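Take a look at the letters that make up each chain.
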Amino acid sequence: MLDDFMVRAALAGLGVAIATAPLGCFVIWRRMAYFGDATAHAAILGVAISLALSLPVFAGVLFVALFMALTITTLSGRGYAMDTLLGVMAHSALAFGLVAVSFLSGIRIDLMAYLFGDILAVTPRDLSVIWGGAVLVLILVRARWSALLTATLNPDLAYACGIDPKREQLYLTISLAVVVAVAIKVVGVLLIAAMLIIPAAAARPFSRTPETMVVIATVIGGISTYGGLHAAFYFDTPTGPTIVSVAAIIFALTAIFSASKR
Amino acid sequence: MKLVEIQKVSVQLGGNKVLLDVDLVVNSGEIITIVGPNGSGKSTLLRVIIGAISPTSGTIKKTDDLRIGYVPQRLHIDPTLPMTVNRFLKLPHRISTAEAVWALEQAGVSGLGEKQMSLLSGGQFQRVLLARALMGQPQILILDEATQGLDRPGAASFYQQIEDVRQRMGCAVLMVSHDLHVVMSASDRVICLNRHICCEGAPEYVASAPEYRALFGEGTQGALALYRHHHSHTHDHSAHGDS
Numbered sequence: 001m002l003d004d005f006m007v008r009a010a011l012a013g014l015g016v017a018i019a020t021a022p023l024g025c026f027v028i029w030r031r032m033a034y035f036g037d038a039t040a041h042a043a044i045l046g047v048a049i050s051l052a053l054s055l056p057v058f059a060g061v062l063f064v065a066l067f068m069a070l071t072i073t074t075l076s077g078r079g080y081a082m083d084t085l086l087g088v089m090a091h092s093a094l095a096f097g098l099v100a101v102s103f104l105s106g107i108r109i110d111l112m113a114y115l116f117g118d119i120l121a122v123t124p125r126d127l128s129v130i131w132g133g134a135v136l137v138l139i140l141v142r143a144r145w146s147a148l149l150t151a152t153l154n155p156d157l158a159y160a161c162g163i164d165p166k167r168e169q170l171y172l173t174i175s176l177a178v179v180v181a182v183a184i185k186v187v188g189v190l191l192i193a194a195m196l197i198i199p200a201a202a203a204r205p206f207s208r209t210p211e212t213m214v215v216i217a218t219v220i221g222g223i224s225t226y227g228g229l230h231a232a233f234y235f236d237t238p239t240g241p242t243i244v245s246v247a248a249i250i251f252a253l254t255a256i257f258s259a260s261k262r
Numbered sequence: 263m264k265l266v267e268i269q270k271v272s273v274q275l276g277g278n279k280v281l282l283d284v285d286l287v288v289n290s291g292e293i294i295t296i297v298g299p300n301g302s303g304k305s306t307l308l309r310v311i312i313g314a315i316s317p318t319s320g321t322i323k324k325t326d327d328l329r330i331g332y333v334p335q336r337l338h339i340d341p342t343l344p345m346t347v348n349r350f351l352k353l354p355h356r357i358s359t360a361e362a363v364w365a366l367e368q369a370g371v372s373g374l375g376e377k378q379m380s381l382l383s384g385g386q387f388q389r390v391l392l393a394r395a396l397m398g399q400p401q402i403l404i405l406d407e408a409t410q411g412l413d414r415p416g417a418a419s420f421y422q423q424i425e426d427v428r429q430r431m432g433c434a435v436l437m438v439s440h441d442l443h444v445v446m447s448a449s450d451r452v453i454c455l456n457r458h459i460c461c462e463g464a465p466e467y468v469a470s471a472p473e474y475r476a477l478f479g480e481g482t483q484g485a486l487a488l489y490r491h492h493h494s495h496t497h498d499h500s501a502h503g504d505s
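Just so you know, the protein sequences line up as chains A and B, in that order.
Sequential numbering from 1 applies to the first sequence in the numbering used here.
Sequential numbering from 263 applies to the second sequence in the numbering used here.
If you are wondering where the hints come from, they were derived from the structure by calculation, not from laboratory data.
Careful, some of the hints might be misleading.
What the hints assert, rightly or not - Derived pair list, reagent style EDC-like, types lysine to aspartate or glutamate, alpha-carbon separation capped at 20 Å:
{"no.": "1", "chain 1": "B", "residue 1": "Lys323", "chain 2": "B", "residue 2": "Glu361"}
{"no.": "2", "chain 1": "B", "residue 1": "Lys352", "chain 2": "A", "residue 2": "Asp164"}
{"no.": "3", "chain 1": "B", "residue 1": "Lys352", "chain 2": "B", "residue 2": "Asp340"}
{"no.": "4", "chain 1": "A", "residue 1": "Lys166", "chain 2": "B", "residue 2": "Asp340"}
{"no.": "5", "chain 1": "B", "residue 1": "Lys377", "chain 2": "B", "residue 2": "Glu361"}
{"no.": "6", "chain 1": "B", "residue 1": "Lys323", "chain 2": "B", "residue 2": "Asp283"}
{"no.": "7", "chain 1": "B", "residue 1": "Lys377", "chain 2": "A", "residue 2": "Glu211"}
{"no.": "8", "chain 1": "B", "residue 1": "Lys264", "chain 2": "B", "residue 2": "Glu462"}
{"no.": "9", "chain 1": "B", "residue 1": "Lys264", "chain 2": "B", "residue 2": "Asp327"}
{"no.": "10", "chain 1": "B", "residue 1": "Lys324", "chain 2": "B", "residue 2": "Glu292"}
{"no.": "11", "chain 1": "B", "residue 1": "Lys377", "chain 2": "B", "residue 2": "Asp340"}
{"no.": "12", "chain 1": "B", "residue 1": "Lys352", "chain 2": "A", "residue 2": "Glu211"}
{"no.": "13", "chain 1": "B", "residue 1": "Lys270", "chain 2": "B", "residue 2": "Asp285"}
{"no.": "14", "chain 1": "B", "residue 1": "Lys324", "chain 2": "A", "residue 2": "Asp164"}
{"no.": "15", "chain 1": "B", "residue 1": "Lys264", "chain 2": "B", "residue 2": "Asp285"}
These figures come from a predicted structure and were not determined experimentally.
Between the sequences and the hints, there should be enough to build the whole structure, so can you do that?
Below, the structure written as structure tokens:
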């Protein structure tokens, strides 16, 4: 079954969708929508480091993404808003990445490949990395769910319950870093950032509780992946962008639905 | 029994001395109100007690496994976060629906369980926060200007509810207020704070203390009398609710 590139592509997309749904909800609730872009830009620095040190791309990206997660967690709440920090990190990481790439003589990096990935070229090995990362993230989010939710609601409320909101934020940013690192080579930065935000945003009008929002976001992510893959095959369009387009159309439909309800 | 004992606590935030050598003991079952002007460190003192801020110097002793019910000053729930009242009450510990119903009843807002938090009125919202704070059968209830945004009858009715809760559950209450009119005579002890403790004692004593008058002026004496007049009618407000 895994011999079929379409099946592998669908499984890779589903793995990303399952991990990004709960994380994407937190990204939206905490107004960290820029995180996907910031990590994505930082990933280019990670790719450059990997090539310079002859490490696997996954390792370099994970290192830079984790470094960014730690820096943001340390600095947030000390006079910098989250969006400011993410903006600073995104642009400076991209700049450093491009400077670092220019030092690598004789090696050409196709930056576009890391932006858009190539989901149709997924190998069984890539699949195991993606699903390994996704399962790891799901276990972490499941274990910290209540604490994360309380810390997202109000930091002081969390302290009064004996929860350290800074620690919960660190769990969240580490999970995000892991998802970006495992998925970047295959599905590309654009698809990860879009899958974090669009399915969760589309799920909001139908959700009464945080849990239902995560479930609906997962379903919408899955439908987008599956529908996008087939649409790309049928129309002969680039796969990653087609998946994102399907998700965006679903979002537009739910937005119209929720506007008509009022 | 001493629930919380604070000795010589000082807090410095970003170079500013917010609290200076503050001593405070909270005994079980008593109502303490902290009053003070803006920027006097009232909220900081509460945040030290719940553990959100570590003091720069001094010691805090709490009884082992002290159960704290905390009602924050303001709670902004992002409209992107869907949240029913029942789900909110079950954070962070899963509790039975029966317990949620009980807590809403204690706080005077029965039957709101399935409503979205974002659709509650200001008074309902504060009472849901109170209900949530009551979930763990707290030994001490800590309220940080919990009546901000409520009008005076609404605030009076809210404080009446707190007094009722204290009588039923026997928990200590530590609250911060700038709303001197509604708070004082309900308290066993009033602490007047302006970075350090200016004076403390029974409400009548503090209201007439020169340190207190230096901070709030003579006018509050009249306001206190005004409150007493209101107080004899607060049961009416609580019966109406304030939705």
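We went through each hint and held it up to the structure:
no., hint, in the structure
1, Lys323/B x Glu361/B, "30 Å, violated"
2, Lys352/B x Asp164/A, "18 Å, holds"
3, Lys352/B x Asp340/B, "18 Å, holds"
4, Lys166/A x Asp340/B, "19 Å, holds"
5, Lys377/B x Glu361/B, "17 Å, holds"
6, Lys323/B x Asp283/B, "15 Å, holds"
7, Lys377/B x Glu211/A, "16 Å, holds"
8, Lys264/B x Glu462/B, "18 Å, holds"
9, Lys264/B x Asp327/B, "13 Å, holds"
10, Lys324/B x Glu292/B, "16 Å, holds"
11, Lys377/B x Asp340/B, "16 Å, holds"
12, Lys352/B x Glu211/A, "13 Å, holds"
13, Lys270/B x Asp285/B, "5 Å, holds"
14, Lys324/B x Asp164/A, "18 Å, holds"
15, Lys264/B x Asp285/B, "13 Å, holds"
The structure fails hint 1 only (numbered hints given earlier).
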